[in-house]
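Join the two chains, each given in its own frame, into one complex according to the hints.
Next come the chains, spelled out residue by residue.
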Amino acid sequence: NAGVTQTPKFRVLKTGQSMTLLCAQDMNHEYMYWYRQDPGMGLRLIHYSVGEGTTAKGEVPDGYNVSRLKKQNFLLGLESAAPSQTSVYFCASSYGTTGGSAKNIQYFGAGTRLSVL
Amino acid sequence: AQSVTQPDIHITVSEGASLELRCNYSYGATPYLFWYVQSPGQGLQLLLKYFSGDTLVQGIKGFEAEFKRSQSSFNLRKPSVHWSDAAEYFCAVIGSSNTGKLIFGQGTTLQVKP
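If you're matching them up, the sequences are chains A and B in order.
Its first residue numbered 1, the first sequence is counted upward by one per residue in my numbering.
Its first residue numbered 1, the second sequence is counted upward by one per residue in my numbering.
Cβ-Cβ distance ranges computed for the label pairs, FRET-style:
1) A:Ser-84 <-> B:Thr-30: 29 to 37 Å
2) B:Gln-111 <-> A:Ser-84: 26 to 34 Å
3) B:Glu-15 <-> A:Lys-71: 41 to 49 Å
4) B:Leu-46 <-> A:Arg-113: 20 to 28 Å
5) A:Lys-71 <-> B:Glu-20: 39 to 47 Å
6) B:Ser-96 <-> A:Gln-72: 20 to 28 Å
7) A:Met-41 <-> B:Leu-46: 15 to 23 Å
Note that these hints are calculated values from the structure, not bench results.
Virtual Cβ for every residue (Gly too), placed ideally from N, Cα, C.
Next up, chain B with everything else stripped away, as it sits in the complex (with noise of 0.2 Å):
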């Protein structure tokens, strides 16, 4: 069955250091591949997405992540975490090429150490 699993529930990091954000799939044909964030009270926004081509892809507020088909992963990275990247962070697949649903994964919640 297709799935994604996020392994890390909580995350608490010092602004200014890095982070990566684990995100693992289960997907039988070519995966198409999104995250997500969601700011508390608020709806998600699309961070950056992977549907073929270069496995190395950059999103918006200086994310990027990494499609990795050999570990199934495809893991959300940030050089230099700022306060407000604060969140909860979604990784998804669509499960349905034909209908376009999504599949997510359990979310991370990041918190930011000043």
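Bound-form chain A, shown alone (with noise of 0.2 Å):
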């Protein structure tokens, strides 16, 4: 059971350049979220989607898309990549429902480093 699988695991990118995130969980979940994690700032939430064909934004959404064309995978692409963009990307996952639930337990995957010139 792989759980939750981002790809690539490091990147480096040139200002200007682009690329896509893929985030994949065999878990059945239907919430998939977008984080990423910077010194001091702990996780911020970029986009997320509550469902196959929906995305919403989250708190940091600027220089971000996504899209959640299949249950199981979860984009998140950078059109021109900029180095204030340089962070760890974090991809999670639930079963999602209304009010405190283990269903609202969120599955993370192991991180994408990217770094932008």
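Listed below in structure tokens is the structure:
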């Protein structure tokens, strides 16, 4: 059982280049999330999805786009990378439900370390 | 606005000593709270969670946390720290029960002295 898998693990981009980060989960989860982690700031939500074909903005969405064409995959795109997007990116997923429930527990991937020069 | 504060950026304890990591939250409704641990170069692993009921919750690896509504706190404790506990610890609250979005604290880095 792989859980949440992120590819690639590392990437170096030049300013202005584009790339797509892939997140795949094999737990049949409805909800998926993209976070970025920066020193001293914890994790901040970029975009999220509450089901196949749906996406919504999180706390720091500017410069990113997402797509959820298949339930198991959640893609994060950078159209024109900037040095400010140098960060570690985490994908997470959960069954998703209202209220407090174990189904709201998010499971995280191992992360993608991105450097933009 | 909803927020989570971890007042201690870095904490150093000796192996075998007790540990308490502080977490304060600001959330208007019933908070659903989590502690995650991140080892170097790894993803986040859930240590424990609080949804309702008993305010003292037990987690993995010998950790526990106590929810205190009057103090808006959810502090993490361990009676005796092991060298393998060195990691970064994050407290988080669900910011929206409809979407399950997590709001994280800034994180506390734990160093363990031999």
